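J.: Protein chains in written order, with numbering that gives the first Met the number 0: chain A, 0 to 463; chain S, 0 to 226.
Treat the hints with caution; some may be incorrect.
Claimed, not checked - Okay, derived cross-link-like pairs now, DSS-like style, lysine-lysine, Cα gap no bigger than 25 Å in a straight line:
1. Lys284/A with Lys204/A
2. Lys387/A with Lys437/A
3. Lys284/A with Lys100/S
4. Lys70/S with Lys88/S
5. Lys88/S with Lys298/A
6. Lys153/S with Lys336/A
7. Lys284/A with Lys10/S
8. Lys47/A with Lys132/A
9. Lys128/S with Lys70/S
10. Lys128/S with Lys138/S
11. Lys132/A with Lys204/A
12. Lys128/S with Lys146/S
13. Lys284/A with Lys298/A
14. Lys298/A with Lys153/S
15. Lys68/A with Lys86/A
No lab work stands behind these hints, which were simulated from the structure alone. In this text the structure is predicted, and so the values were computed from the model without any measurement.
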Amino acid sequence: MRRLSLTTRLSLMFMLAVTGVLIVAGLSFNHLSRHHFKSLDRQELLEKAHAVQGILGELTSLDNFAALKPQLSALLGAHRDLTAIIKDHNGRVLFADPGPVNLPERFSVIAGNAIWEWHDQQQVFRGLTRQVKGPGQESPLTLMLVLDVTQHMYFFDALERWFAIGLIISALVSAALGWLLARSGLGPLRHVTAVAAAMSAKSLKERIPLAPVPLELQQLVSSFNAMLARLDEAFVRLSNFSADIAHELRTPVSNLMTHTEVVLSRKRNIEDYEENLYSNLDDLKRMSRMIDDMLFLAKADNGLIIPEHQKIALEEVIGTLCEYYRLLADEHNIELKVTGSGEVQGDVLMLHRAISNLLSNALRYTPEGHTITVSINQTTQCTQLTVKNPGEIIPPEHLERLFDRFYRADPARREGSPSNAGLGLAITRSIIEAHQGKIWCTSADGQTVFHMQFPRPEGSTESQ
Amino acid sequence: MRLLVAEDEPKTGTYLQQGLREAGFNVDRVTTGTDALQHALSEEYDLLILDVMMPGLDGWEVLRMARAAGKDVPVLFLTARDRVEDRVKGLELGADDYLIKPFAFSELLARVRTLLRRGNNSPTQTHLKVADLDVDLLKRRATRAGKRIDLTAKEFALLELLLRRRGEVLPKSLIASQVWDMNFDSDTNVIEVAIRRLRAKIDDDFEPKLIHTARGMGYMLDAPESK
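Please build the complete structure, drawing on both the sequences and the hints.
T.: As structure tokens, then:
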């Protein structure tokens, strides 16, 4: 049943429902009709019995029973299917109209208004037995009224046969109808499937139109469209990334080529050659670092950076980094402040790299004489780390994309700091995410803050 | 000092050989793993520099077979692939160090010298002296021309590193890793600042200048006459 198509399932269910309803209706009809016929028969038998009793009431002696016979025949003879038998207490038949019926003896002793039924080979009888006592008689007479209901039974047999045939036909018809209904009902689903199947990397911009889709499918189509949007975004980002790589490498390569060709175009003194080689070395180093960074990101994308799992005191990591960057901070008269403590589970080297990027970033954008604050805060659920620096704020439209590769909030900065290829924050994010952490940035009121949140390592001590 | 360079890429191999020769080493070069193994087994080298990807035998095979033959010469791997399992494999086989391409030649040179120094380390020195600069490692005190120079802990560590590796160009990354424990390539000019400050204390008021900049490569401490 699990592998059946929806159409088959729906038509089967439809067929079962229709058949079920028909069976219930048929059985009820059958039962009601039988009951109805039975009560009609009973009514008739009771009426006749009453009338016979009335006639027999006038009987004073068994000897003048013969005088009543015409009267009884008149009463009972009109009814073709009805047989009346009157016996005396010795079992002698006094009266039988239209003739004696071969009934088992046990039916002669049933009393009261109970209706009995008896099946012969071909015939079915329904009957009533009653003891009748005339005035001045010592022993009662036995009155048996027997109704031949074989015709009724024939009717029911035929009814049942036709009902069975009708049931089979209607089951087949309902299955066919169900199939047609299901097919047309599932039309929108096939349409959605067709659109989805036709999707390719080039048509990621397409969306399945919501308007003609029935209510039940709208949720599915919306989710599908949302997935397409995410795919499209990732795809565009990836394409841009490749384009960016090409661009970022082309600039230094073209510098190298031009510079080298110009230098070689005529004889120069040794210092000029030296100068050219030094300049080349700078470009090459930058390219080499960029390749390293891109490889790191590629590995992160493929889930290949697996941080070591050690318990690390963040304040020690920050301490080491601050000791390093304090040299640079002092140069610009910037203060580095560290508060709080907390633990994370992870890889010291990677965390060094991630936080170092944030600190060097902060140092780059903090005006002279101000303070960069690094705070660590450990709660019961997580360990938080923030790096806050005063300075020009980052416009909100850039915040979201700040961690994208090669993204620079200010395109002009590209020329200003050639060593910064715009991969630092992307690397930081990759590392934080490899630690099951989150990173985001807020920037307002002259303060830019990078927030990081790590899961709290198991069994770490409360620090605050 | 005799080195073997096994590198199948001809340009890289030639430049490595030239660079190491000019740095004062006696360098043999081979281009296949099979040759590398043959040389390593038949000759005495102080260091093997092996490329991982080579025709014939790869670098790991060469190392494994050389170790199996009882050669415990230090080995430095060059690899274009940087995968954790590669590093682990190399280190398990008994490699002493590895460098990922592209690398700076100054970095390679510094690592080669570290490996060669390992083992025959001069017994714990307590005094380092270059020209009229005198450093007492036990008392953590530096004097130049008899004048006491106040240094911070990190400045002292930097000076000690430069002195211990006197005459060698030390790349910035190596300085950052040895003095500040920063084991990744950082793009800031912290080391420049640190060197400038150290210079201000030990060089500015004195002659001759001891700390030299190897442009684009790193820094070196040496007395001019010993060059």
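J.: Confirm or reject each hint.
T.: Do the hints match the structure? See the list:
no. : hint                   : verdict
1   : Lys284/A with Lys204/A : 39 Å, violated
2   : Lys387/A with Lys437/A : 16 Å, holds
3   : Lys284/A with Lys100/S : 12 Å, holds
4   : Lys70/S with Lys88/S   : 18 Å, holds
5   : Lys88/S with Lys298/A  : 19 Å, holds
6   : Lys153/S with Lys336/A : 19 Å, holds
7   : Lys284/A with Lys10/S  : 18 Å, holds
8   : Lys47/A with Lys132/A  : 16 Å, holds
9   : Lys128/S with Lys70/S  : 37 Å, violated
10  : Lys128/S with Lys138/S : 14 Å, holds
11  : Lys132/A with Lys204/A : 102 Å, violated
12  : Lys128/S with Lys146/S : 14 Å, holds
13  : Lys284/A with Lys298/A : 21 Å, holds
14  : Lys298/A with Lys153/S : 34 Å, violated
15  : Lys68/A with Lys86/A   : 13 Å, holds
The structure is inconsistent with the numbered hints 1, 9, 11 and 14, although it conforms to all the rest.
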